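*Asks:* Could you put the whole structure together from the sequences, leaning on the hints where they help?
Residues per chain are reported as follows:
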Amino acid sequence: MVKQQTITVKTAGRGSLEISASINECVSNSGIVQGLCNIFIQHTSASLMLCENADATVLSDLETYMGHLVPDGDAMFQHDAEGPDDMPAHIRSILTAGSLTIPVSEGYCMLGTWQGIFLWEHRQQAHIRKIIVTVYGE
Amino acid sequence: MVKQQTITVKTAGRGSLEISASINECVSNSGIVQGLCNIFIQHTSASLMLCENADATVLSDLETYMGHLVPDGDAMFQHDAEGPDDMPAHIRSILTAGSLTIPVSEGYCMLGTWQGIFLWEHRQQAHIRKIIVTVYGE
Amino acid sequence: MVKQQTITVKTAGRGSLEISASINECVSNSGIVQGLCNIFIQHTSASLMLCENADATVLSDLETYMGHLVPDGDAMFQHDAEGPDDMPAHIRSILTAGSLTIPVSEGYCMLGTWQGIFLWEHRQQAHIRKIIVTVYGE
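Protein chains in written order, with our numbering: chain V, 1 to 138; chain E, 139 to 276; chain R, 277 to 414.
In case anyone wonders, no lab produced these hints; they're calculated from the structure. Only a predicted model underlies this, so the values are computations on that prediction, with no experimental measurement involved. For every residue, glycine included, the Cβ atom is placed at its ideal position computed from N, Cα and C. Hints may be right or wrong, so weigh each one.
Label pairs and their in silico Cβ distance ranges [to be verified]:
id	chain 1	residue 1	chain 2	residue 2	range
1	V	Glu-63	R	Gly-307	41 to 51 Å
2	E	Pro-209	V	Val-9	28 to 38 Å
3	R	Thr-284	V	Glu-138	20 to 30 Å
4	R	Gln-401	E	Thr-144	39 to 49 Å
5	V	Trp-114	R	Glu-382	31 to 41 Å
6	V	Gly-67	E	Asp-212	21 to 31 Å
7	R	Gln-281	V	Asp-80	43 to 53 Å
8	E	Asp-212	V	Glu-25	39 to 49 Å
*Replies:* Okay, here's the thing in structure tokens:
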């Protein structure tokens, strides 16, 4: 059995948002109890990640770190049609994940105790992001 | 239903090549209309990525950036049996992806408007790379 | 057909361990001959990777590199409740992979000749890590 749904997430500009509850709702809607859940983001300037979801400083430290690793407006980048965060947003997406596959059991994603699923908006401006959730199994 | 095919891609040395059309051909050959497509590269010095496929400067900026992030011939690397790009090629592969899973609907990969699937050759020399494409669904 | 198993791996602190044999044992136990094998780690300070498994200097170079890329105890990190390696362990996990999907044929993971599946412990202390292995196919 395969069930596919599209969800949209409104971001408030650069930063990460936990989407675990929305993904588990898709799993629940699918009626699938055991199997896998694939999450795919249809963009190249926002990405997905699995991250600790208990302490907010993890997310702020992540932003600080990525800002150092891939500096906005760096002189090495030619691709800046949409601004100084254009090429960094593509690189940040490639260094993280565009597609995640998570085991499903008893109708839920089998996340660890402090593990959440996040959408990471890499552009400075707010965007509407489309995510395709495919649940398959029994 | 599960359908597995192996495709080979000839690279011209370091750089990225769009393979979206080849992957969609595998999906079409499989006869599967809705489900998922897994792409797996059987190498540790070339990788896969989802990337913007409209502006060629994105790919050249990516090369420039990766060259800075993981410098060929850096004195910290001991593993250089195959040359100064040997260990950097492994690291670049690990920082990107060896396996991607993409939703399939109406017989096509559900890529975003400006999203392509790329093979990224990390070695300086040309290589022949093997990719296994597994399509499953209904 | 979907078969799910949980395996536990004891780590000896920071470093990577090949788990290809354990994963292939799960595939063998599943009775599934052709399909896919998903590997998911239920932690955010240890991760998974596909890496060259022939020369030990690859793994030591990887440690050296990651130590430079994400320095333990860097002043930019606020999240250090569990020590100077706490936030770096989360970042190292996000830059590598928490979930891998590998094709299965003739009852084995279709790895390349020099390709192994590794668990990468990012914390300095030893830990027990849980990995969920889901095999699906025919």
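*Asks:* Which of the numbered hints are not met once you compare them with the structure shown?
*Replies:* Every hint satisfied by this model.
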